[in-house]
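Top line first, the protein sequences correspond to chains A and B. Numbers 43 to 740, taken from this note's numbering, label the letters of the first sequence in order. Numbers 29 to 637, taken from this note's numbering, label the letters of the second sequence in order.
Hints listed in this document are in silico derivations from the structure and should not be mistaken for laboratory results. Cβ coordinates follow ideal geometry from the N, Cα and C atoms, glycine included. Heads up, a few of these hints could be off.
Chain B stretches covered by chain A per the calculated footprint, using a threshold of three residues with CB under 8 angstroms from any CB of chain A [claimed, not checked]:
#1 71-79
#2 273-280
#3 485-494
One letter stands for each residue in the lines below.
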Amino acid sequence: MKRIGVDIGGTFTDLVYRDDEAGVRLLHKLPSTPRDPAQAGLEGALALCEQAGVRLADIDLFVHGTTVATNILLEHDGAVVGLITTRGFRDLLHIGRKHRPLNFSHAQDVPRQSAPLAARRHRHTVRERILAPDGRVETELNEADVRAAVQALRDSGEVEAVAVCCLFSFLNPAHEQRIGEIVAEEWPQAFLSLSHRVVPLYREYERFSTTALNAYVGPRTARYIERFAARLAEAGLEADLGMMTSAGGIISAAEARERPVSLLLSGPVGALVAGIEAGRLTGFENVITLDVGGTSADIGVAPAGQMRMKHLLDTRIAGYDAMVPMADIGTIGAGGGSIARVDAGGMFQVGPESAGADPGPACYGQGGAAATVTDAMVALGWYRPRALRASGLDIDRAQAVAAIERNVAGPLGLPLPEAAAGIYRIAVNNMVEAIRVNSVARGLDPRDFALVAYGGAGAAFAAAVARELSIATVIVPPAAGVGAASGLLTSDMAYHRQATLWQHLEGADDERTTAVLESLGEAVAACLKRDGFGAEDASVRYSADCRYRGQGYELRVPLPELPAGPAWRAEVAERFHQAHERAYQRRFEDRPVMIVNVNATGLGHVPPLQHEPLPAGAGDAPVEREPACFPAEGGTREFEVAFLQRIDLGAGSRVTGPAVIEQPDTTTVLPPGTQARVHEFGHLIITACEDSEHERAH
Amino acid sequence: MNARTDIDLSTAASTGIGADVERRWQRVAVDPVSLQVIGGALRAIAHEMAEHLFRMAYSSIMRESRDIGAGLLDFHGRQLCESDSTPMHCGSLPAYVRGVDRVHRGRYAEGDVILHNHPYHGASHSPDYGVLVPIFHGGEHVGFAGCTGHMVDIGAANPGFSVDVPDYYAEGQLIDAIKIYQDGHRQDAVWSLIMTNVRTPEANAGDLEAMIACCRLGARRLGELFDRYGIDTVMSAAEEWMDYAERVLRARIEELPDGVYEAPEGWLEDDGKNFGQPLRIATRVVVQGSDVYVDLTGSNDEVETGFNCPFEGSVLPTANFAVRSLLLDEAGAGRDVPQNDGVFRPVHVIAPPGSLFNPRPPRGCEARFTQINRIPDQVMQALAGALPREVTAGCSANVSCFAYSGQGGQGSDEYWVNIEVNEGSYGGRHGRDGLDAIDTLMANTRNNPIEEMELNAPLVCERYELRDEPPAPGQWRGGLGAVRRWRFLRDTGASSTGDNRSIDPPRGLFGGHDGRAGAVIVNPGTGEAQELPAKISNHRFRAGDRLEVRLVSGAGYGDPFRRDPRAVLNDVLDGLLSAADAERDYGVVLSADGRQVDPAATERARASR
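Extracted from the complex, chain B is given alone in its bound form (with noise of 0.2 angstroms):
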């Protein structure tokens, strides 16, 4: 932590809209009982909403994978609730409706639904579609119901994504708030304009008819809702809600000092076509009062590729995650409080316009998961002096994300097209090891069956299973990287985003060591292999290559020669270190048959470092 106050912290965007606005509902007192009522009740409603999207939803991304959102909003687009499904999508919900406010505002009507995807107004990026349900009260107009998911593909340039595109138009067809019900009906033209845009019709508009059936329930609801306590009552519970998660947060991130906490310069690989030049990323946290600002500025300058990331729709709920993570831990302090607009209010960013972070058009933004995903690993940073128990040692932070494809998958000469999100790794924690082969941070979606990936395309899963190499030792070591290798029985291509921490791996604490950088490889172990960089645009591959991807493991956490031996030992049984591996870096000494610790030798190993 520093002293410096030369941040300027009136350019600031909030996260949170806040209680000042106006309403069209009174507020009234509610009675605690009636509070705990109706929150419970709004949950449910978010909950289910998201339950009906993936049942019902078809591509695999977002009914195996999960990669969507759902909840219900105010008009102003405060988030009354949340489903727990993916933090990226819930948070970018109020972006979406202030997107889509901008062309309706004043002119919504009951029967309409209005789907987004303009990553310069809100969307999180292009492929990941809002629909938006207005929902109206007596007539007026009070509030939405909402819900995002990543479409398997939207008609750009190679199918799925890709990276190395000259601007956003190349990253498939935008969708600025339109409506495709209007008065509650289907505007055909539309909709077959959309459809006939994608390379997988089929999948989009069974994902599209679930995200809106999705939304229908949600508008019900609260419509049901308002009938059984009154509009008053629930939108006053409602921002009770809001002001309490606020409070909560507010009184926790009073504890921590005022001061500017800076964490180490990080770096990324490339932005997908100038290999070899790294792009920066400057993080300070400015604590200041009940109010924390993540300062991006400093990071490296938009790029070229469509390695940015949108502001409003991808920034701004990760800097939000980022603060109520650290402080409103589920696991602990936080786990009452429910994901609404009071928690983002005293969540600020100041990311300058024309940087990574805040690009502008039409610069491509699809690609940005992986930047986004190092802000809440850099504030960890930030912050680990002050919040030694809270933080992890440096995770994987990056999201490794393959869309493959080819023609005739199912026996016709439909286009397939499968995204896979690969999964990273935590840093070792306070009092735990980080958490192997699991998705970090924003991140949170499933895998795919590989039973059901081999029924539905031409590949072959020939290993998943975690790394070779062992994890980052700590006296809490950390994660450990998964390693995938798929074989393509028929040409395929391929595009990928994801930065492998090749020349930043993952930052260790308090005496850990540094994470493991990944790879992607095509035809490991064979004369031909070849590493690949972690971002390759529409790559083609032939039947019978063979594609490896290394993920990353996260950063050791405390000294590794205060690791419990009996923890080492387990590692060491389990076939994750060599008996040397443990010698040298955890100084435990095992016995001849590498079954138990030598106690004397590890003791003796352990005071002569």
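Extracted from the complex, chain A is given alone in its bound form (with noise of 0.2 angstroms):
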């Protein structure tokens, strides 16, 4: 099986193409092409298939990621959105939850009134309404007040695309439905989206935010994976384009077009799915991965080798609500460009400002001034002239220095080597923070994963994050600096959908739940077929969101199989028992407990990617010594540093800390006291401390 994937972010465009078969697997990285993303994305396809002696013609697979909508959110330069909606409700997209993002502030900003998504000039009301609990009409929809609505939205000549948002849809969507027919006779062109389609879950605030941001991002998001396909026929592709989604699997470009909401987290998804291949591959089933780059580190975490999803209420990008499957990682302004001073009441602070690319850090000699994160690795002397030289840059030591002088040594009074590995500290704690937000703070214990490093940053920080949470192993993938690539062919196909069923578990009408799980079963096989996936390579997975009756934050328990039934009912009662229990150490058994959502998870399974040893390494690999600094007890220490190629390991080497072990897309970073061997398939594991009692360094 010949496959591609390609992961086009702001600043490069990664590739990776695997071919189990002839054993080819080539990496490519190009500067992406921001004004026609995809520009960069089929050159780079095609120089893959010249490296490997293909056609494009001859890929099985061909998988791609693309930040494309999280930077129409970002840019906040998306469609222009019309919202039809039930009368008496025009503003509820501006009200939100009546929540200020900030408690102390009045010079606030708060995104859903100064930027809308859709504008209230757009924003237009039907009379029709819908009651609980049992979906049926009390005002019928007026046709009128829709066709009036629609030609209103087409005559305004600047709506692209229609949001439409009805009170109680997720109980019976025929008005809404309804007013999609009429737009699609009035103005076929339009952009649709329906709220029961788009996420038919209660909570009509963020049903409604969700549907207009996938309106908001959807025409040129859709023209952009047209466009891409397009261009990739036209080039010869014959295979279908995947797409990864935030939830960590890939949908058809199909259902893509029609969702496009379902793309804005996709970003950081590659990493975990990548580090949870690592993990599989090295013998670790636990892990949680730290993707660092310049500005942001990523945090997943997937317990048993198994993504989370995020809580729909936790789910916001920008400052809007977005309730779409997403896998559950925590981002946080800590990466190398992170910017590092002491603030007016002399506190020590380090980000989330981040130099960026543009000036970048002062070493790069680009005209930053600010000293960061990575001017102290430089200043420790752990990053050598060349180490960027794949980027493009020199660095520049003496500005490094300099900048750290200038910001934080002389203010606080510390000498060079303190102040830059107290900003390196600092930055680390902020990842073990993250880390433990993302574990602990859900019942998870670090100590029982591996941490697996990603991004150009992951590897010079893993390390230390591992000693600070007595994590014993670190896992440094061969191509850690690209990971989020070859996450993408180690991905199934996975559809996802979901329904509001609101029933007490006692008592509940299991004919109804078996038929509205048997039809989300139905829809996500439906999409598989489509995708030709047959019995035997397709599965579907159900799951439901529970809580005791009067909770009103769900925990997902998985179902056991159809149909309901009471032994049925006991067993997802128990099951919720045992989630809460593991959330929050109690679980009250004499208390209701009710399904509010349930989900449907269709899963394509695609072969999984042969690996194949790394050759033993023959003999010693080449080293060289320099000084470098690392934190200490009481400070620094200055070491004898080894300074090694990854090139060089061959599988069985082994390297004991302190040292520094290079590749052109990024830097391992060794303290003393830590030790890496590779792994047969060429990861790095690195021993961060002995024993889970370990304690921290300094």
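Two chains, two frames, some hints: make the complex.
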């Protein structure tokens, strides 16, 4: 099977090519072409094919991860959206949950009001009303209102996408469906998003917001996908284009065009998918991924090799609510470019501001005056002048030192190495806190996990982060710097469908439960069938979001096999009690349990990648020794540090810290007291602490 | 500002405890990196505590509205860290500790869980239960993990709450620093007594379990931090963060010229019983060096209903909020400043005993949020000249809160009680319009999803939108209030507290217009339409009745004739203003089709004013 994965980010486009039968694996990196992102994607794919000696037509699987939808939102240049909604509720998107993001601020900006997804002038209401709990119609849909609204939106000359959001459409979608038909009749060119199709779940504001987001990013994202697919087809690609979603699965281009909102946070997912695979290969089921770039660090936690999804009320991006399945990945503003400073009150702070790529850290010599985490690592001696040559940069150590002296060491009265080590330790600690939030706070003990490093800077932090958390093992995959792209090739196709069921388990209507779940299952099965998956390589998983009656935050539990019945319900209740106990250390068996939402996930299994062992190391790898400092008890200590090239390390090679292992896409830092060995598939396995009771290094 | 110095500052109560206290640890020097590391860990703990609480909680007021607070405190009650949930809750935790400590000082034991809601001993008001778990280190009591949360019903005379009550006994069951767990054992008799005396025992029990779990988690996490870094380092770092916050706030205060800054007199509509008799709010702000005194002397005497404000648990944190938000705005200068004892230290309050803001027992004091929320608004009015870029024009600065209740809402004879905290709106700000339909100042809760309310209670929402009347004109216009209309499917009781600002609407600043009053109307648009006061006490509605609440709109900031004509056009296009409004209030003339500004006509209109 010949596969290509293309990950198009804001700065670089990363590609991977795999042909397991022929034993060919290739990587390619080129600058992104932001004005027309597909251009770099296509060029890269063609370049890879040429390297591999195949044609695009020979490719069996072509998977794409894109930040197009994300960037539309971040840059706020999406479609002009019109909204058609229930009379009396024109401003739900504006009011939101009426909560302000900051407590102690009169100057704050509230994006849902200052930059609305649909301006008030384009929000129209129509007479209709559906009632709880059974979805009966109280007020029939007034079609004249609908036609007038559609005409006004069309005649505005600027609206391009229409979001249709009716109260209680998750109970009864008839009115939204009819409005959708009228829009299609009156104005077939409009990009249409119906709330019950985008996210048929209760909580009107979040559903409306998600639907409006879908409309907002929809037209441009859909056009982009169409254009990319068309150009690939012109260039000979016969395979379907698959798109990576925020939930860490692949969907067809057709599905992505209808639900572009599901691509919104797909960027950070690739590393988590790849990390799960890296853990599987090296014998670690529980993994935490640490993907560190210039401005941010993404943290993913996968117990037992399973990605977890965020709670639907926690899925927010750029200040807007998006209730779509998203892998539970935490992002913090801590990366190589994070800026260190001493604030007006004398406090030593690192981040969240970043020097970005331009001007970048002081050591880039591009005019950056701020001291960054990268500068600290340069000053400590870990990054040598040529470390970033692959990115076309030479490191200027004098600039790094000067920036740290000026911004940190001077104001705090610290010697330079201590100031640099302090910057690094604060950045490490920010990552440590973020990992705790994503593990300990969710009832998971990080000591049971291996930490997998990705991104240009992940491997420089991972060992230190692991030691702080008493994590024994760090994994640095072979091409850790471009990990996200390889995640594209190890993902299954995954379609998600959800519904609000709102049933108390006691006395639940089993027939209805079964019917709703089966219809969700049929929907995802149909998607897989369309993609050419048969019974042997497709499966459907069911889960439910449950809570004790009265609670508001659901916990997700996998469901037993259908049909529903008394024993089925008892098993669901027990699974929920267990989940509640895991999360909150308490179970309340006397309290009624209700199922709020049900979910079906259809998985189309993509054949796993084959991995070829790395040849064993032949003798000792060449070592250069240079002085460098590491944090130590009471400050820092200078060592003669071994610098090695990753390419020189064969399977079974061992490296003892303090050491630095260099490769074009990343730099691995081994602090004193750590050891690395090279796994048979090429992963560096770092023993960060001898045992889980290990004390911190300083 | 004037130079009056006849204010006796010695009667002021400080909102902070200070750095000069007895310690059960050694104050040691902490290096700047460890300081940052421990500071981050403390913030993360408070955040995790709050998440735990609202995810596990039962009542919608806690889990959807998130009317809660959580944090860690030392044994004096000095806040080390707090969750950034609602300002009122977090700020009141130290007062709860004082109330509890007066009963149990020296008699805490591991495994204790203490419940408290006494409004004359530190509680914010009686429905805000506080749970404290004492934290021990080496056998010595060193601190507390604490949280507060609004209970949906505490067995008051009327379901939820009501204003027109004779005293605080009628406002619900009082719990004065009761150990509900002693040495790790739940006191089942106490538990049963509490739950037997409320209308919503299932929700209350679930909420209380969540609060206990939240505090135990916080205590465990702080213990882990002690194990890791040692108590001396952790507590010294916490103290260092307090000193830092104090230092930064004092530096900002010192930038203000010393003197007395007086706000125009403010007025509240009534006390919820004696309608037509307004209540006075007097506010002076005294700046002296690096200290600020909020002087409420001259405000109304205490009233005979529940419309008084607990001094310690409500007035003190509010004064602190007023000063902190202005001088250490989280969107600017105050971003890195954590909310701890340090920011409380430079702020002091004067409110004579027996007044609205410092009532004496047994006065009722449940319905205090509306008056409380006027304090930061008044402080901004007082300091507008000194801090023109930091203040907002008059905000709604009230809280309209309704408790709806009935029986059998869930197919049983249980009570259902639903508390709805309605939003307000902000006044215009330098460079920005006021925020529309949003919680203001000390309030920062979330609304209940309509789809959840209707699934759980016999209510139908007919309208929830921005108000129809135009916003208050200004160079930066005032925020718009919302309008909400419920229809009752069954006979329903409702109580409310609030203030429609009908006799004293939000004040415009620097030429901006005043804001717009709110209204509470039964069966609007019908022959039997009837206006109700903002405060109703167990009003009975019949099945089929409608209740419309129009919330207050904030005031404008700056001369509306200087508003960017394009912003005026946008408001017209968005249906917030008519073309006639634009011309009259802003001097902006639109083209014949109403889709563009007519620049020449606008210039003429603006010049000829």
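Just to make sure I understand the rule, a stretch counts as covered if three or more of its residues have a C-beta closer than 8 angstroms to a C-beta of the chain. Does the stretch 273-280 of chain B meet that for chain A?
holds (count 4)
Coverage assertion for the stretch 485-494 of chain B with respect to chain A, Cβ distance below 8 angstroms, three residues required:
Held - the stretch 485-494 of chain B has 7 residues with a Cβ nearer than 8 angstroms to chain A, which meets the minimum of three.
State whether the coverage of the stretch 71-79 of chain B by chain A holds or is violated, taking the criterion as 3 or more residues with Cβ-Cβ distances under 8 angstroms.
Answer holds; 4 residues pass the 8 angstroms Cβ test.
Hint violations for this structure: none, all hints satisfied.
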